[in-house]
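The listed protein sequences correspond, in order, to chains W and D. Heads up: the first sequence at position 4 corresponds to 4 in our numbering, and the numbers run straight through without jumps. With positions in the second sequence counted from 1, the corresponding number in our numbering is that position plus 42.
Wrong hints could be hidden among the right ones.
[To be verified] Each pair of labels, with its calculated beta carbon distance range:
id : chain 1 : residue 1 : chain 2 : residue 2 : range
1  : D       : LEU85     : W       : ILE11     : 33 to 39 Å
2  : D       : ALA52     : W       : MET1      : 43 to 49 Å
3  : D       : ASN173    : W       : VAL22     : 29 to 35 Å
[Claimed, not checked] Cross-link-like lysine-lysine pairs, in silico, DSSO-like; alpha carbons within 30 Å at most:
id : chain 1 : residue 1 : chain 2 : residue 2
4  : W       : LYS7      : D       : LYS355
5  : W       : LYS35     : D       : LYS317
6  : W       : LYS35     : D       : LYS287
7  : W       : LYS32     : D       : LYS353
8  : W       : LYS32     : D       : LYS249
9  : D       : LYS353    : W       : LYS39
10 : W       : LYS32     : D       : LYS346
11 : W       : LYS32     : D       : LYS232
12 : W       : LYS35     : D       : LYS148
[As the list claims (entries may be wrong)] Sample of chain D residues facing chain W (criterion: CB under 8 Å; computed from the structure):
id : residue
13 : ILE115
14 : PRO147
15 : LEU151
16 : LEU251
17 : MET254
Derived from the structure by calculation, the hints contain no laboratory data. Backbone N, C-alpha and C fix where the C-beta goes; we use that ideal spot for every residue, glycine too.
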Amino acid sequence: MWEKAFKIFSIGFPGVFLTLAVLVFFIELMGKIVKAIEKKKD
Amino acid sequence: MESLFGIMLAKSGFLNLTLGQVIMWFIGFTFIYLAIKKDYEPLLLLPIGFAIFAVNLPLTGLMDKDPKGLLYIFYHYGLEWEVIPPLIFLGLGAMTDFGPLIANPKTLLLGAAAQFGVYVSFFGALLLGFNIPEACSIGIIGGADGPTTIYTTVHLAPHLLGATAISAYSYMSLVPIIQPPVMKLLTTEKERKITMRQLRPVSRLEKILFPMGVCLISCLIVPAAAPLMVMFMIGNLFRESGVVKRLSDAAQNELMNIVTIFLGISVGATMSAEKFLRPESLLVFTLGLVAFIFSTAGGVLFAKFMNLFLKEKINPLIGSAGVSAVPMAARVSQKLGAEADPKNFLLMHAMGPNVAGVIGTLMAAGFFISLAAH
Numbered sequence: 001m002w003e004k005a006f007k008i009f010s011i012g013f014p015g016v017f018l019t020l021a022v023l024v025f026f027i028e029l030m031g032k033i034v035k036a037i038e039k040k041k042d
Numbered sequence: 043m044e045s046l047f048g049i050m051l052a053k054s055g056f057l058n059l060t061l062g063q064v065i066m067w068f069i070g071f072t073f074i075y076l077a078i079k080k081d082y083e084p085l086l087l088l089p090i091g092f093a094i095f096a097v098n099l100p101l102t103g104l105m106d107k108d109p110k111g112l113l114y115i116f117y118h119y120g121l122e123w124e125v126i127p128p129l130i131f132l133g134l135g136a137m138t139d140f141g142p143l144i145a146n147p148k149t150l151l152l153g154a155a156a157q158f159g160v161y162v163s164f165f166g167a168l169l170l171g172f173n174i175p176e177a178c179s180i181g182i183i184g185g186a187d188g189p190t191t192i193y194t195t196v197h198l199a200p201h202l203l204g205a206t207a208i209s210a211y212s213y214m215s216l217v218p219i220i221q222p223p224v225m226k227l228l229t230t231e232k233e234r235k236i237t238m239r240q241l242r243p244v245s246r247l248e249k250i251l252f253p254m255g256v257c258l259i260s261c262l263i264v265p266a267a268a269p270l271m272v273m274f275m276i277g278n279l280f281r282e283s284g285v286v287k288r289l290s291d292a293a294q295n296e297l298m299n300i301v302t303i304f305l306g307i308s309v310g311a312t313m314s315a316e317k318f319l320r321p322e323s324l325l326v327f328t329l330g331l332v333a334f335i336f337s338t339a340g341g342v343l344f345a346k347f348m349n350l351f352l353k354e355k356i357n358p359l360i361g362s363a364g365v366s367a368v369p370m371a372a373r374v375s376q377k378l379g380a381e382a383d384p385k386n387f388l389l390m391h392a393m394g395p396n397v398a399g400v401i402g403t404l405m406a407a408g409f410f411i412s413l414a415a416h
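Taking the hints into account, I'd like the entire structure generated from these sequences.
Have a look at this one:
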């Protein structure tokens, strides 16, 4: 049981961080692209 | 005549009433009292309280499986079929402004750090003798997100539904009492006085792209979180697109209200005396509190850790808002920040980690469901 529990923790907690870190990257990238598009429009 | 009276008495609830049921009535009345008198999560505690009372009336068969009782029908089609929590998320999405998060995306990481308590409580539950699916259901209370707690528990340990749901909603309403001592303990006066630059304006296009991007990325990484995440982001797209105001309004108001009624009744209906009056329920409440405390600490400490690398420091008080409990946790950050410096306005900054916490809890739940089930 403990082996499975540690597996859940060692995948789950870093997994949450990883997912949200990818989202940070996505939002930053999206912000830059949108800014560039709006600059081009102006 | 005497035998007729005897038959009537035998068929009535009086002779079948147990002490456990009477105790549950008092628990139900306590929830009703807290909702009406103290205004603690009244939208949920009131229907939950009355459903607890109703389900513990003897011989009513309200939660009978065969023939199906009324409350069992609500519970079966609402929760067991996993309809209600995703619908709640549709409404939440339509109500949520992700602007502060998009303006300062690094606060997303605070939403991840504030899941720390989820895992502390998970291990705590295992140490106290719960099995893995039960421990996952108890741990997720630390995410301070009622619908996610219910969704995870229905998936993994439905027999604990009453205890975990009540624990999550009770502690969510107690966030202004639970969080401040932890936040003060882990921060210095100087840190609490840190002021943060005003957030940049976020364009409409960013707000429209956000739900689609988040849905794509998160569902690719954790498919098990899809039912809740998809509904959350559809609701948000309704809001931000600006072209379906009627749908957005319906999701935020009418639908949300209707679903909340059935959620409260269904959760309360699971709390029959024989299922709820067990030592495990007390342990679930204790572990839920532990989860809340460690989630708060995780968010605050990670904000301090981030400050080691950031040029523009963030006020660690906003870290505690990484537990979901929207917008209560953000208001607590604002209140403590204003206590340290009355000119300090942290509310909008705290809304970033606050909504990030919802996403973080969804991810944690998705990992639990996918890993614990196999």
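Outcome of the hint check:
1. LEU85(D) to ILE11(W): 33 to 39 Å: Given a distance of about 36 Å, which is inside 33 to 39 Å, the answer is holds.
2. ALA52(D) to MET1(W): 43 to 49 Å: Holds: the Cβ-Cβ distance is about 47 Å, inside 43 to 49 Å.
3. ASN173(D) to VAL22(W): 29 to 35 Å: holds, 32 Å
4. LYS7(W) to LYS355(D): violated, 34 Å
5. LYS35(W) to LYS317(D): violated, 56 Å
6. LYS35(W) to LYS287(D): holds, 26 Å
7. LYS32(W) to LYS353(D): holds, 20 Å
8. LYS32(W) to LYS249(D): Within the cut-off at roughly 14 Å; holds.
9. LYS353(D) to LYS39(W): holds, 27 Å
10. LYS32(W) to LYS346(D): holds, 27 Å
11. LYS32(W) to LYS232(D): violated, 34 Å
12. LYS35(W) to LYS148(D): holds, 18 Å
13. ILE115: Violated - the Cβ of ILE115(D) stays beyond 8 Å from chain W, reaching only about 34 Å at its closest.
14. PRO147: holds, 4 Å
15. LEU151: Check passed: Cβ of LEU151(D) comes within 6 Å of chain W, closer than 8 Å.
16. LEU251: holds, 5 Å
17. MET254: violated, 10 Å
When the structure is compared with the earlier hints, violations turn up for hints 4, 5, 11, 13, 17 and for no others.
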